[in-house]
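S.K.: Below are the chains, spelled out letter by letter.
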Amino acid sequence: MGRILLLRSWHGLIVIMGVTIVVFVVTRMIGDPVDIMLPLEATAEQRAAFEHQLGLDRPILVQFFDYVWSLAQFDLGDSLWQNRPALEIILERLPLTLYLCFSAIAVAVLVAVPMGVIAALKPGGIIDKITVLLSLGALSVPQFWLGLLFIMVFAVQLGWLPAGGAASFKHLILPALTLAIPTMTRLVMVVRSQMMDELNAQYVKTAEAKGMPLFRIVGLHAMRNCAVPVMTLTAWEFIRILSGYTVVVETVFAWPGLGLIALQAIERQDLVLLQAIVFVIAVIVVVFNLAVDIIYKVIDPRIKLD
Amino acid sequence: MTQKLLEIDNLEVHFTTRRGVVRAVRGVSLSVGKGETLGLVGESGSGKSVTSQAAMGLVHIPGEIVGGDIRWKGQSLLGPEGHPLSRRIRGREMAMIFQDAMTSLNPLFTCGQQITEVLRYHRKMNKAQAQARALELFELVGISAPLERLNQYPFEMSGGMRQRGMIAMALACEPELLIADEPTTALDVTIQAQILELLQDLQKRLDLSIIMITHDLGVVAGLCDRVAVMYGGQIVEEASADEIFSHPAHPYTMGLLRSTPRIDGKDDRMVSIAGSPPDLLQAQQGCAFASRCPSRKAECSRDVQLKEMASRQVACRFPFSGPWSRDFKERTDHIGTR
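For the protein sequence lines, the chains are A and B, in the order given.
Each residue of the first sequence is one higher than the one before, starting from 1 at the first, in the working numbering.
Each residue of the second sequence is one higher than the one before, starting from 307 at the first, in the working numbering.
Bound conformation, chain B alone:
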């Protein structure tokens, strides 16, 4: 890794709700280098979206960053000194695309208007220049009949086209980092594949760094260099994508892999992870996954830290070693299968 673009250091995000304080992100540290693709994996409510929104400076009341630091090329984005910088890079050097392009685009403005406003604001382009650049961007993301599409409203476009439009918008100012928050979840499978291919292609062409937030391990396998697995507001395992798939060390990672269908038929049945995710309102004692973990022991009620283990980091006292299928299967076969 040549240069760290984004570094998140021990980030804590709290949401104040009527029921109490939700500790959504609990000491997350991660970093993305230039040209790297980081997968951020976890189930709903694991804090992956909040972490990325914090990086973009999009956490507002009732949410609050209560601890840790976020740095862009070494400079903090938090605190009174960091805010101007955060505002300057948002939408320019760091851009974001969201899950549902239908609701993420303003329904009352044409796609063209929504792209050109970025260019006119950040790049101070005039109308004609912005229009020309928008057309270029639409071509770049593979939108058919781009000139026509510029004058269309989001409701007049298909889901895939809308997401391409979103991507075009995010890439308008040639950002160095693109945060993609489940960009394919709302799309059907063939369109999903197209969008992922597009992202991969764009990454190569533009030397883009990507944080890919997803709960789909298939997406991770195809796209990511490194993977961070989140659970209950914490990172439980971080390793290269290859290692995650061949040697998952954390029982939760293992559970995720086992609950994913495999096309090669090597695996017999899908296994769900029993139990439900932790209540983030509660202060947490020990390992967050302990109550659902098949290899739980008494020591798991004590706090665990993310620890260096060979070429990866794992937050588990009893991590697996070795190839994943057999070891885990033996220990988890008592859990209900479906």
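Chain A with its partners taken away, still in its complex shape:
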């Protein structure tokens, strides 16, 4: 087990190195930070001085190795826009984003799993049909639009919930729901079809023949067999939320998390900060996947990690 963990960590490190290279190259292609940071009337000398200060006048390879060397020392550079360490900014914002992501995924799982299971108990029944219809409907709704709709209805019209910010639990509800709903719909479909398959399995018949109660057969025997595919999708959805959807939803709801700051970093061409954000998310994704792999092994003893 220890050896496998080490191997997996090594793989993760390779992924992170790959991401580092891609991010480094791409951020250098989206624009010249000097144009943004300096006023239009800046002289050529001023520009050159500024470039030199950022180290952008050095050969690209030197810049890259310098960047990697800093990373190795947990130095992600100083934000050009805010003039302070990028890591500091990220660590301020990250808890809010993780809070939002975990809330969203928790809501999605807590709704989708029971819903999918109940639908699977009677394939083609009325509950099943409603579930499929609802999730297909909700699946077709774009997230930003859903967020705006929520704001219009619950914040503007009804005035029940705040439209933006992150001051209280009330502020969490709308963005978390907006993130949860598309995930929920995909999860429901997978839970449903997986559970239908499992309920037809022979071991379910055995459990019935043993006289086990339905709740135990479905909730324990079949559920554990559903767990691996359902977890796979959940992990995938979590990563999509963390590394993508939050940018949209945090913007819509002015949720001051990592997604919002990422968008602002792009707008201000703060390539150091942007680089740092992408790097941190990549690390989180790699660690998260490692954890999921280990949980797989706990759920299903047949899974070989190597």
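Treat the hints as calculated values from the structure; they're not laboratory data.
Treat the hints with care, since some could be wrong.
Under 10 Å between C-beta atoms, here's a sample of chain B residues computed to sit facing chain A [as the list claims (entries may be wrong)]:
1) 406
2) 460
3) 463
4) 476
Ideal Cβ positions, reconstructed from N, Cα and C, are used throughout, including at glycine.
Once you've looked at the hints, dock chain B against the given chain A.
M.R.: Chain B in isolation, oriented as in the chain A frame:
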């Protein structure tokens, strides 16, 4: 027979499919007494598994019991009054083992967990008691290194060991009736023999009644007191095992016997039964076997009932009498041999 344990009376089971209603079981009646072994023989799709699953209360949508009655010690297991009883005896007084122990065991739980859950649920044992009893059961069914096996997952065990584990699980609550649905089909021959021996031994020791569902007449010969032969969802012949083998009366039974290899070499070649089993989607006119029967006559297109004949029951207008080989051979030699 002292006491009837399970009685199935004119059972009808239908499956609603997209292609229509499959009438899988068509008026089957049978009974098992205490300590008796009944063989239920027939080819795939003859309704033998469905009949036994109906007895266990395991027929679900799209299947439905549409007629007849199933009684346990005289009390009906069907209808609103029967369901609680059915739930109470399932896994306790009546237990079942299946063909493929690999898929029949939950792959994600250890064998120990799967046995102890029965004991803890039905017998309200605590963890330690259940563990001790499980160990006892593993020893009873002859599992080597039982303590170790309890903590193994099904995929870590051999086919024979898995089936022994299944049997141990079924016997956990000391049932009176064990339904074995082709318990040896998925095993190789030496293991088959071991499992059958085990069942025979357990039956004697625990005074167990067994319904042995099989298409293997060898299994029947070794184990069963009585045999019911099923064809097309009906019982076509029922008699003691001795009689079935010495004087089969129904042409289908005869065909089954002829298509079985014999080790004593008395028989020359194996004969297959020409044609294919009836389409259970169709409502059936007359004898289901008529289209494949070598001794078919015009009257066979009229319905036949299971009729008392000497010490047996046969559903045939022109049953054989006398020892089986010659009479049947003469009439069937025109059928292709292989």
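S.K.: Grab the minimum C-beta distance from residue 476 of chain B to chain A and call the hint holds if it beats 10 Å, violated otherwise.
M.R.: 8 Å, holds
S.K.: Quick check on the hint: residue 463 of chain B CB to chain A CB, less than 10 Å?
M.R.: 13 Å, violated
S.K.: The hint names residue 460 of chain B as touching chain A; please verify it with the least Cβ-Cβ distance against 10 Å.
M.R.: The hint holds - residue 460 of chain B has a Cβ within 10 Å of chain A, the shortest such distance being about 9 Å.
S.K.: Quick check on residue 406 of chain B please, does its C-beta sit within 10 Å of some C-beta on chain A?
M.R.: 7 Å, holds
Violation of the numbered hints given earlier is confined to hint 3; every other hint is satisfied by the structure.
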